[in-house]
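**Q** Below, each chain spelled out in residue letters.
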Amino acid sequence: MSGHRVVGKPRRRVDGRAKVTGQTRFADDLQFPRTLHCKLLRSPHPHARIVSIDTSHANLAPGVHLILTGRDFPVTFGILPVSMDEEPLCRDKVRMVGDAVAAVIAATEEEAAAACELIDVAYEPLKTIADPLEALANEEPRIHDHGDHGNVHKKVALEFGDVDASLAAADHVFDDTFFYEGNTHLALEQHAAVALLDPDGRLTLHSSTQVPHYVHRQVARALEIPAHKLRVVAAPNGGGFGGKTDVFNHEIIVAKAALITGRPVRICLTREEVFLCHRGRHPVLMRLRTGVKSDGSIVAMDLETLLDGGAYGSYGVASTFYTGQLQTVTYHVPRYRFRGCRTFTNKPPCGPKRGHGTPQPRFGQEVQLDKIAIALGRDPADLRLQQLEQPGALTANYMRLGTIALKQCIEKVVEGSGWRDKWQRLPDGRGIGIACSAYLCGAGLPIYWNDLPHSGVQLKLDRSGLVTLFCGATEVGQGSDDVLAGIVAEVLGVAPHEIKLLTGDTDLTPVDLGSYSSRVTLMAGNAAIQAAERARAIIAAGVSAKLGIPEDRLVFADGRVFDAEDPAQGLSFQDAVIVAEGKHGIIGTTGSYRPAVSAAKYKGGGVGPSPSYSYSASVVEVEVDRTSGWVEVKKVWIAHDIGIALNPVLARGQVEGSVYMALGEALMEESAMRRLPARLSNALVHKFPSMLEYKSPTTMEMPEIETYLIEEPEPDGPFGAKEVGQGPLLPIMPAIANAIFDAVGVRIDEIPITPDKIFKALREQAQGRSPRVGPDSFPAIEWGEVSIVPPPSEGGDGRAINEKPRKSKVVDSGVRLAPDSPGANVGDGVKR
Amino acid sequence: MTPSINENARITLTVNGESKDVLFAPNKTLLEVLREDLCLTGTKHGCELGECGACAVLMNGRPVLSCLVLGLECDGATVETIEGLADDARLHPLQEAFADCGAAQCGYCTPGFLVTAKALLDERPSATRGEITEALSGNLCRCTGYIQIFEAVEEAAAKMDAKENE
Amino acid sequence: MMRAGRFHYVAAKSPAEAASALADGGGKAMLLAGGTDLVPNMKRRQQMPEIVVSLRQVSELRQLHIDGETTIGAGVTLADIVRDPRLRQHGALFRAAAQVATPLIRNSATIGGNLCLDTRCNYYNQNYEWRQAIDFCKKAPGPAAVAIESVVNDGDGTCWVAPSSPRCWAVSSSDSAPALIALGARVSLLSSKDGEREIPLEALFHDDGMRYMTKRPDEVLTRVTIPHDGVKSTYWKLRRRGSFDFPALGVAAALRLGTGGIVEHARIVLGAVASRPLLLSESSLLVGRTLTDDAIAEFVDATAKWAKPLDNTDFLMTWRKQVSKLFLAGVLRELRGDDVETFPLLARRASNVGEAVW
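As they're listed, the protein sequences go chains A, B and C. Using the working numbering, read the first sequence as starting at 1 and increasing by one per residue. Using the working numbering, read the second sequence as starting at 1 and increasing by one per residue. Using the working numbering, read the third sequence as starting at 1 and increasing by one per residue.
Hints were generated in silico from the structure; no laboratory data involved. A couple of the hints might just be wrong.
Stretch-level coverage of chain C by chain B, calculated; a stretch enters the list once three of its residues show a Cβ under 8 Å from a Cβ in chain B [said to hold, decoys possible]:
| no. | stretch |
| --- | --- |
| 1 | 52-60 |
| 2 | 240-247 |
| 3 | 261-269 |
Pairs of lysine-lysine residues, derived as DSSO-like cross-links and limited to a Cα-Cα distance of at most 27 Å, are as follows [said to hold, decoys possible]:
| no. | chain 1 | residue 1 | chain 2 | residue 2 |
| --- | --- | --- | --- | --- |
| 4 | C | Lys308 | A | Lys687 |
| 5 | A | Lys583 | C | Lys321 |
| 6 | C | Lys321 | A | Lys760 |
| 7 | C | Lys232 | C | Lys325 |
| 8 | C | Lys232 | A | Lys760 |
| 9 | C | Lys325 | A | Lys634 |
| 10 | C | Lys305 | C | Lys232 |
Yeah, the Cβ is synthetic: ideal placement off N, Cα and C, and Gly gets one too.
Input sequences plus hints: build the corresponding full structure.
**A** Written out as structure tokens, the structure reads:
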């Protein structure tokens, strides 16, 4: 964008110096005098009743100050109000290996660990449920007494138009099943927390969390203390990727222990414990039926998903909806049916990982499109280009789209990769594949019902010339702080590094819902613009009065405020602030952001709407070794529709980091479980809970990546910006699968794509059988009544015609409140 | 010399150019001694089993995993951590380049990468991309996809080379 | 933070001192060299020595001599082996050393330590709490047992790899052992009681996951000696990633070819498919032959039976078995002079050590 001095320019991130000097203080780096250390005793049983817990020996162990058990925590918790099924320490039963049953707080971590072993817990083992098929087949024993029935946590069924009629009328119907194994975030930093009492006796909890606001609410609730008596500070996260967006039992436990002992209490999970906390990608079995015309245009899509939720609810209800709700925002899908089912199993709970619930069906959709193209003799790139969804469209399931630059993305990667010369033309063993994707720029609704702003920013300007920004947003590595500083710097004409940031502190900063759903840039960014524009207006009024220059002629740039027509006339930024402070009084402004109300009024319509969507297209070139099935990604071309890159260095890093994480998921990472032979053991454990055996790609696995940032400003984004943290992960897995097909003609309809699977498919191929590895079938699930929602094109109003009307819980204004006077409460969808 | 199992160990080592006497529980590794007994929390831990590279430090000039070195083994050793990389207030060229090139996202693996890269450039000032990739293959990063890290090492090498030739 | 248990620490100054400390320890002492195997094992409580005998100050073990033979002190680090150009003549050793773990680990890990590497298994290389959840395994059966090198309980626990088997199937995971066996290396063992003895390296190992070494608990492995007998050698490694990972298969080969490409001497060794490196006796079948495609195929057919991978490492075991055939053929093709660059992808990868610095 022309005229910007900060936005769009590559620059060092504002927290860069702290990170390269080791001065960034992560949660486990915080040291306080007299700190006590907490260790959790965890269940070795996957499913068992707790008969008794005897802590008498442990109480006498050296260094022990306090032992807590489930009896000390009467209140359950959980990130979603609909499934608050977690106990800080299990009271009556354990639901997975690793469920915590007791906490020891001792003078040293070593003593706490030793005392844990002196706690005697008697268990009565229960039958275990290891996977969704077992969960469907076994109503008893129930892992939880909530949920739809038996071990089914949640079933959802939505239909937008008569899908069966469209499929019957389609020229072709493609029917595929896919499986996507679970995987985990593997942030380098293990979760850590320390709680202590302030000098005034108030409780403070420092934690490696992406969601301090939600932690604040839940910890206060779980400890039954007023929220204003608790301060939650999000330490900079050593990577999150969604793994720190839940509230965790250890956060509640150390908070409680600090209240009781009056001393700082810390905990840092071991790597194995992090694997047990998990909340990673759900394993999903999918069946996708798509009806197309003879040219491959989609007439209807019917998707069924079966999720392995693990032992707790977590974000699971949202995850379940996410396995369906974004299938319509990329290509035009006139009619759509989505049915999803999440089951409980005795395994670490799944939740949101980068792309939350959408990579799995995206994989299915994009691989199936490749099959459609091959079957119909079409170029897969053209097949996609011919049916892209339109900017501003309202989809069949009532997602209101913003800008869409996917056409440019596809064209860019097709051109850059030499697609037209390579597809179906590379020598045997070499192949190229394409896939596209879309993602949210922030969830349209918070996780608990309220109509308050999703993001707030406060600015304080004082006579030193310093601008201090306060915001609840959380730096998890993605550059949250830098986005905020860059935006304010642009508006006020100062350098980003001159802005002091205070973020993620529930005592000091206005609420931001957290670093999840790719929401910070758009939401906190818009709030920051509003706050900064209000500050600029105050300063402009002061400078205008002082220098007699009309306000609308004042330029804020390069640390000065000056006359656009005579740049020599002006003041330094500091002098301008002083002048304005003299006229206005102390300068403090706020900005708020709340997304517009969604058009999706049906139950479940709260998941999927977003102020805008980002789009990505990728081409991947692979080499496949026919003798072994080994596959190597040679190069990745990826174009991302980012709106505007606020800081291109960071934007590129998000794209490349997404590609990296996707390569791991596609080829080697899996959260596999191991069940021992039933006649010998009841064990059900994580197969590889270690950094060594959970295969995160190293420097040696990285292919060359060609990144294209496609800039078409999104009117609802700050300076036109959209998200970049999650979307670019999504097209990589299917693009790899499609490239493998192009290379050797085998279909691996399953993630991860490991060499043994390719080898097996190659053998099938050599023997003249179907050269495919993947699931054979999708189980028959009793879906119950489907919510019938006529799509917009068929006269629908966003409501289900067979659903009882709900009480409206949200202010149904649908109106964007214009920013008015400084300090105004809510200003949705800030306009500039 | 041989402390009993419950007696604290005492060693003298040089950390970032300063001689330190340190008293610590004898089963601690260098990682724990640095973080817990010397308050040098810049050195990180991601697994404590030698499987991630986050805890790398330079020991007698070589990059090693501090989680696998017993503190008792460090008597008389010279150890350099991330806190010692800058020359007073002047950042090391690698630090400048990492900050500028997007090589640090969350920053958690960054100290380990920086000390490893320093050891590489100390030994091979004009390391090739292949050598950089290989030398850093024991450091995991989940954020960046490594490419901006490679570029940062190359930029630092170029700047150090230019300075050498001034 | 994972922490090691408590132990007594003895810093030996000489190999003799180390041997005497081991003898005094009566089976409760273990040697600490680079620490890259023992320290994580102590943190996971797979091995819990009461006495740790450190070799760090034993400079004698860090010596390297090359004259008629190559003699490498047990304390020489793998990084030193990688960076010493004189050792490149022992291709298999260089390739193996350069592919061990990571550069950071190779800076600490020693050749002696890699030879004595504890056998590994998916059910054993886990935290104490994890092993508790499976009710432990044969190699480290239960909380009371002190699992120390060569001091193991008999009969207790189940081997989850093969539950009906009376033995432990943990797998030999050393890269350097198969390479050095192929090279005909010998190792020297020193004890206070019997002084020094030298044995062929292949005789150091037992085919038993628990008692995997013939080295007695009171012996110190002091050096490894490689003859200079004009062989060409190589080592191929199968691992998921290009760094970090232990071998899921290793194949080492050393050949001497005479005029006309006639094989005069051959030693081929399989690693990571059994509890010890397997020196293939069929190697001798190659002697007197030229390495035609047919000869290689016959050799692979005759030896593939030895690779019986179990579900105790990374990768599907049936697939590993297939790869063992590819690797057996591949190492021979490489040594007869085929251009590795023309090999299939996995073969190129398995034989490539990149631009190893350390």
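**Q** Between the alpha carbons of lysine 321(C) and lysine 760(A), is the straight-line distance 27 Å or under?
**A** 13 Å, holds
**Q** Would the hint linking lysine 308(C) and lysine 687(A) be met if the CA-CA limit is 27 Å?
**A** 22 Å, holds
**Q** Verify the proposed pairing of lysine 583(A) with lysine 321(C), using a straight-line Cα cut of 27 Å.
**A** Roughly 82 Å between the alpha carbons, so the hint for lysine 583(A) and lysine 321(C) is violated.
**Q** Are the Cα atoms of lysine 305(C) and lysine 232(C) separated by 27 Å or less?
**A** 25 Å, holds
**Q** Mind checking, does the stretch 240-247 of chain C have 3 or more residues with a CB under 8 Å from chain B?
**A** It holds, with 3 qualifying residues against the three required.
**Q** Per the coverage rule (Cβ-Cβ under 8 Å, at least three residues), is the stretch 261-269 of chain C covered by chain B?
**A** violated (count 0)
**Q** What's the verdict on lysine 232(C) and lysine 760(A), does the C-alpha distance respect the 27 Å limit or exceed it?
**A** With a Cα-Cα distance of about 35 Å, the restraint between lysine 232(C) and lysine 760(A) is violated, given a limit of 27 Å.
**Q** Sort out whether lysine 634(A) lies within 27 Å of lysine 325(C), counting only the CA atoms.
**A** Given pair lysine 325(C), lysine 634(A) holds - Cα atoms ~26 Å apart, limit 27 Å.
**Q** Can you confirm whether chain B covers the stretch 52-60 of chain C, using C-beta to C-beta distances below 8 Å and requiring at least three such residues?
**A** Held - the stretch 52-60 of chain C has 3 residues with a Cβ nearer than 8 Å to chain B, which meets the minimum of three.
**Q** Does lysine 325(C) lie within 27 Å of lysine 232(C) when you go C-alpha to C-alpha?
**A** Between lysine 232(C) and lysine 325(C) the Cα gap is close to 20 Å, so the pair holds against 27 Å.
The structure fails to meet hints 3, 5 and 8 from the earlier list, while all remaining hints are met.
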